[in-house]
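Participant: Model the full assembly from the supplied sequences, consistent with the hints where possible.
First residue of the sequence shown? That's 1 in the working numbering, and the numbers climb one at a time after it.
Keep in mind that the hints were calculated from the coordinates and are not lab data.
Glycine included, C-beta positions come from ideal geometry on N, C-alpha and C.
Treat the hints with care, as some may be off.
To be verified - Okay, derived cross-link-like pairs now, BS3-like style, lysine-lysine, Cα gap no bigger than 25 Å in a straight line:
no., residue 1, residue 2
1, LYS102, LYS19
2, LYS102, LYS153
3, LYS153, LYS97
4, LYS19, LYS97
5, LYS153, LYS19
As the list claims (entries may be wrong) - Cβ pair distances, simulated, as ranges:
no., residue 1, residue 2, range
6, LEU32, LYS102, 17 to 25 Å
7, LEU32, ALA56, 26 to 34 Å
8, ILE121, ILE141, 40 to 48 Å
9, ASP53, VAL142, 47 to 55 Å
10, GLY45, GLU99, 21 to 29 Å
11, MET79, LEU32, 13 to 21 Å
12, SER61, PRO146, 35 to 43 Å
13, TRP63, ILE121, 16 to 24 Å
14, ALA56, GLN125, 15 to 23 Å
15, PHE50, MET71, 22 to 30 Å
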Amino acid sequence: SRIILIFIIMKNPIEPSFKTERFSLSLIVLSLIAAFYFYPSFASGLAVHFDVDGNADRLMSGWLVSGLWPMIIILNYLMFLLFPYLKINRQESLALKEEWHKSKDLALSFLFITQIISSLILSGQDGILFWALPTLFILMIVVFCPTVSKVIKIRQETQA
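Facilitator: Here it is as structure tokens:
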């Protein structure tokens, strides 16, 4: 309880807001939607371990398989939110604020794409894997376009 109180009292040097977190939150929502979408196409029990003869001796519930990726993405997101509290140098945290948010968005994007690809493979729909690369490309554009436009604007201002 003391740790939670410390997090409430201390100010996060990365200063999360809805504007900086909306992309991450939308990926979490999309991950949950994907989990519900792919669940019916999973087998009732997916083999996770095999004996020496090649027979499945351990099964994992379809709900657990479909819910595992959203849990991983949410835990990763929470790690990104709580980790800045552990930074000792506040100036460094303030200087790297934008890079921190980009790294968070890229990590969550990578996990989301991995969820989609693994769900397609496990559900037997791997014939439509061509969706993964365009989706990844679109996510990368969404993450980097604001940064590129900011760099162009700063360079134009310094040249003028």
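Participant: Run every hint past the structure and note whether it holds.
Facilitator: The hints, checked one at a time:
1. LYS102 / LYS19: 13 Å, holds
2. LYS102 / LYS153: 18 Å, holds
3. LYS153 / LYS97: Holds, at about 19 Å.
4. LYS19 / LYS97: 13 Å, holds
5. LYS153 / LYS19: 20 Å, holds
6. LEU32 / LYS102: 17 to 25 Å: Given range 17 to 25 Å: holds, Cβ gap about 23 Å.
7. LEU32 / ALA56: 26 to 34 Å: 28 Å, holds
8. ILE121 / ILE141: 40 to 48 Å: Violated, since ILE121 and ILE141 (Cβ atoms, about 25 Å apart) do not stay within the stated range.
9. ASP53 / VAL142: 47 to 55 Å: At roughly 48 Å between Cβ atoms, VAL142 and ASP53 fall inside 47 to 55 Å, so the hint holds.
10. GLY45 / GLU99: 21 to 29 Å: The hint (21 to 29 Å, Cβ to Cβ) is violated, given that GLY45 and GLU99 are roughly 43 Å apart.
11. MET79 / LEU32: 13 to 21 Å: 18 Å, holds
12. SER61 / PRO146: 35 to 43 Å: 40 Å, holds
13. TRP63 / ILE121: 16 to 24 Å: Roughly 18 Å apart at Cβ, these two residues keep to the hinted range, so it holds.
14. ALA56 / GLN125: 15 to 23 Å: 21 Å, holds
15. PHE50 / MET71: 22 to 30 Å: 25 Å, holds
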